[in-house]
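Novice: Protein chains in written order, with the numbering used here: chain G, 733 to 978; chain S, 3 to 265.
No lab work stands behind these hints, which were simulated from the structure alone. The beta carbon of each residue, even a glycine, is placed where N, CA and C say it ideally should be. Some hints here could point you the wrong way.
[Stated by the list, open to error] Simulated DEER-style distance windows between Cβ atoms:
(1) G:Gly865 <-> S:Leu111: 20 to 26 Å
(2) G:Glu761 <-> S:Thr106: 48 to 54 Å
(3) G:Gln828 <-> S:Pro252: 20 to 26 Å
[What the hints assert, rightly or not] Calculated from the model, a selection of chain S residues having no Cβ within reach of chain G, i.e. all distances over 10 Å:
(4) Met56
(5) Ala61
(6) Glu163
(7) Pro262
Listed below are the residues making up each chain.
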Amino acid sequence: MTERLSLRIDSKIYPTVDGKRLTALAGFELVAEPGSFTCLIGPSGCGKSTALRILMGLDRDFAGAVTLPVGRDGGSARLGVMFQEPRLLPWRTVEQNVRLALPDRERDRDLAGLFTELGLDEMTGRFPAELSGGLARRAVLARALAVEPELLILDEPFVSLDAMTAARLRRLTADALDRRRATTVMVTHDIREALALADRIVVMSARPGRVVGEMAIDVARAARDSAFIEAGLAELAGRHPEQVRG
Amino acid sequence: MAGSGGDRSGMGAGLSSGLWRAVSLVALLGLWQLSVTLIAPRNLPAPAAVFGFMLAEAASGDLGRHLAITLARVLAAFALAMAVGTAVGIAMGRRRMINRLADTWLILLLNTPALVIAVLCYVWIGLTETAVVVAVALNKIPNVAVTLREGARALDPRLDEIGLVYRFSWAKRLRHIVLPQLAPYTAAAARSGIALIWKVVLLVELLGRSNGVGFAIHLAFQTFDVTAILGYTLAFAAVMLAIEYGLMQPAERRASRWRPAAA
């Protein structure tokens, strides 16, 4: 099982402005099977996003170890990411933004199918400033999926969208993931969102963050109706009253 | 600067701003002619005399020759100063260590008179074109570096991370993430750059070259030929105006076409 993702953070310490040291994460450990969808939830400030940044290789100043799934060419896993903000290059069109994420030798690959799948056919020539929030997230999702990632990292990808747009994007993302086999790790504040998308929910403690519990979900995403989600929420709130409010 | 107001305006505003420029130019000529007629100063030729001189010089081929060689020097020094200044500025803006090391040199160079740099370059490199280009570029590099350093400090780390996550090569990062963010700073440096550079080129030509506008003005100065001095100055100023309106401003508009207000 060499392609299993493992993230171990013995400690991650931030220096604060007044010279003190703030421990964001301590004794945090996460293992994810290939193709699984793990969702991290926990009180704000518990280090969820920090854990993702370490996983992405954007923060190397920590004690611990990261093992990423093995990539198709034997190297480390290809990453696809969605941050809280779209982070598209404003001076490049939607299509250029997506193509730039591809390795150079795949630059001219046919992406028409992907753009159609995400409803971006008409948008490929637009600049990010011309897109609504929802369309911008779709372009970001297209960028993340275009690289055919082995590891997909979603850091609260649907925040600051109105409820309807967020729901539509959630559905679009779920459908797209059903057709692919990427190991996915998502952070969210929205426990209903976690219950709708993930096949495993990992609950974190308040700072310094560590894993305090987890819940597996083995119902197919399409079969999770609102009753199922409310039941899951009640169960989580019962098990972790401090972290989860029903 | 002259063009910044025009960047965000539509066709109508562009037309009327062009009109205003023409009006101000005609007013300047009128004022010039008026002072010649009314005051009749000894060393101020009438506009007609200057334009007549320019036509005669153009017909003989001298004007074109001097203009061309000066323009070539301006462009070479400009390209060198922009390239080196941008690289230095980015390095200083991104790395605190480099900034600490290079900051004093930069201030020193900023405060060294153009004349000193020109003379030293001629002495050390020789009376060559290389010396001209290096001397002029050295005068401009610190300005470019200081401007671009500000830009590099304002780079968005969140976009950098996109480049890291998707494993951009450094060339790709530079071209698609860094340079587009620096475009307003590059434009500012280029604007003030081209103006400074042609002034310094003339000085350097006067000191050690036997062609170019600076040399022509040097000759005219020896005979106190104000007509020739004004003629050459106006001719080259016209070339610089053409570069500003014909190259710099369209390039800037193209670079900012992704901005919502310009679309």
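Novice: All hints are to be evaluated individually against the structure, with a verdict given for each.
Specialist: How the hints compare with the structure:
no.: 1; hint: G:Gly865 <-> S:Leu111: 20 to 26 Å; verdict: 47 Å, violated
no.: 2; hint: G:Glu761 <-> S:Thr106: 48 to 54 Å; verdict: 49 Å, holds
no.: 3; hint: G:Gln828 <-> S:Pro252: 20 to 26 Å; verdict: 21 Å, holds
no.: 4; hint: Met56; verdict: 42 Å, holds
no.: 5; hint: Ala61; verdict: 47 Å, holds
no.: 6; hint: Glu163; verdict: 5 Å, violated
no.: 7; hint: Pro262; verdict: 4 Å, violated
Of the numbered hints listed earlier, those contradicted by the structure are 1, 6, 7.
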